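**Q** Chains as they are written, first to last, in our numbering: chain A, 543 to 738; chain B, 208 to 382.
Fair warning: there could be bad hints in the mix.
[To be verified] List time: in silico PhoX-like cross-link candidates among lysine-lysine, alpha-carbon distance up to 20 angstroms:
1) A:694 / B:254
2) B:254 / A:595
3) A:617 / A:694
4) A:617 / A:698
5) A:617 / B:245
6) B:254 / A:617
[Said to hold, decoys possible] Listed next, the stretches of chain A that the computed footprint assigns to chain B, with coverage defined by at least 3 CB atoms under 8 angstroms from CB atoms of chain B:
7) 611-620
8) 638-648
9) 681-690
10) 716-722
11) 725-737
FYI, nobody ran anything at the bench for these hints, they're computed from the structure. Treat the numbers as computed from the prediction; the structure is a model and nothing was measured. Cβ coordinates follow ideal geometry from the N, Cα and C atoms, glycine included.
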Amino acid sequence: MASVMRPGLLRQSFASPAASQRVFSTFTSSAARQSSPLIQQLRPAFARDAVPKATRIAAFHATQRQQILPPLPQKIEGSVNTAVPVPNPDYSHGSYHWSFERLLAAGLVPLTVAPFAAGTLNPLTDSILCALLVLHSHIGFESCIIDYFPEKRIPKLRVAAHWALRIATVGLGVALYSFETNDVGITELVARLWHA
Amino acid sequence: MASQRVFQLGLRRAAAPSFMIQPAGRMVQRRLANTISKESGEEILAKQRLHRPVSPHLSIYKPQITWYASGLNRVTAVILSGGLYIFGIAYLAAPTLGWHLESQSLVAAVAAWPLWAKATAKFTVAMPFFFHCVNGLRHLAWDVGVGFKNATVVRTGWTVVAATFALSAYYSFFH
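Kindly produce the complete structure, drawing on both the sequences and the hints.
**A** Structure below.
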């Protein structure tokens, strides 16, 4: 039954030549008026395609576009409504890790204040300061890698950065051990350089 | 059949008043929308996503001490830890490369600098160091749940800036 009605309806919509011209033309008569978001929504879907794409999109942008990192070709994995995967709860990556970081940071406070108050540290406390600095720095750089090397965009570079950081941290540990045992220790070094 | 159709149309008009304005356009639009397959729909979505604003777009935010201090906390951290890493790895590599990075050589090298260079170098190192230290105390306070009110965050932020300048100037030029 509906198919019987359709030819009539189509004929009706193309009855006025001006209307059909407007629908299928890529050159719009008054681009500013026709590209407003509200008018876009009120217009039939096939008429929306006829408006130049840049004009249509510019209507939604209130700020200047800045392509610092242009978007990659988009692919939709699963369906549009697939939920974000929720990682399994893991205390050692969650709250314990967080508390450990805070303990490290809090432990650094007295070790940082002490040299200012009492001159350079003795070798034991200096070594503890070095160990805490290594761990604190490693965790900090790890957060930077996680934040700035997104897994979706640069998965291999991210893995490489993680391994480079692990190697550098072990290297720093060995270097500081060597410096602490063979030389004067870092607080004493800073003090001597400061008054050089 | 025809009477049934008329009855249906009448029901639709009653349900959707806007249907009365342009029945032709509405019907055609609905039919086209139904013919889009899942694949072509996803293709359209993928194309649309390319036109979204891109996330790292810091210049659209108003400069405020809250997020400036937060960003500076990480920047200073990277400067300080980066310096430590570079020194450590250079110290490891020094015997192989023939460099002299033991404390006596470093102190002797710095001692040969003119006064203005020493003061500038001290101030350049002291600024990130004191900023990260003092702002670290602020972060530790937040971690135990203290100082979360917006006005407090702004006040402590500017306090950190003032303390950084004061401590850096004192230890660079008067110590």
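**Q** Are there at least three residues in the stretch 681-690 of chain A whose beta carbon sits under 8 angstroms from a beta carbon of chain B?
**A** holds (count 3)
**Q** Between residue 617 of chain A and residue 698 of chain A, is the straight-line Cα distance small enough, at 20 angstroms or below?
**A** Since the Cα atoms of residue 617 of chain A and residue 698 of chain A sit roughly 19 angstroms apart, the hinted pair holds (cutoff 20 angstroms).
**Q** For the pair supplied as a hint, residue 617 of chain A and residue 245 of chain B, confirm whether the alpha-carbon distance does not exceed 20 angstroms.
**A** Since the Cα atoms of residue 617 of chain A and residue 245 of chain B sit roughly 14 angstroms apart, the hinted pair holds (cutoff 20 angstroms).
**Q** Do the alpha carbons of residue 254 of chain B and residue 617 of chain A lie within 20 angstroms of each other, as the hint requires?
**A** It holds: about 9 angstroms lies between the C-alpha atoms, which stays within 20 angstroms.
**Q** Please verify the coverage claim for the stretch 638-648 of chain A: does it have three or more residues whose C-beta sits within 8 angstroms of some C-beta in chain B?
**A** holds (count 3)
**Q** Do three or more residues from the stretch 716-722 of chain A put their C-beta atoms closer than 8 angstroms to C-beta atoms of chain B?
**A** Check passed, 5 qualifying residues.
**Q** Verify the proposed pairing of residue 254 of chain B with residue 595 of chain A, using a straight-line Cα cut of 20 angstroms.
**A** Holds, at roughly 11 angstroms.
**Q** Mind checking, does the stretch 611-620 of chain A have 3 or more residues with a CB under 8 angstroms from chain B?
**A** holds (count 7)
**Q** Checking one constraint from the list: CA of residue 694 of chain A to CA of residue 254 of chain B, max 20 angstroms. Satisfied?
**A** Holds - the C-alpha atoms of residue 254 of chain B and residue 694 of chain A are around 18 angstroms apart, at most 20 angstroms.
**Q** Would you mind confirming whether the straight-line C-alpha gap from residue 617 of chain A to residue 694 of chain A stays at or under 20 angstroms?
**A** holds, 11 angstroms
**Q** Is the coverage entry for the stretch 725-737 of chain A by chain B consistent with the three-residue Cβ rule at 8 angstroms?
**A** Since three or more residues must qualify, the claim that chain B covers the stretch 725-737 of chain A holds, with 7 doing so at under 8 angstroms.
In this structure, every one of the numbered hints holds.
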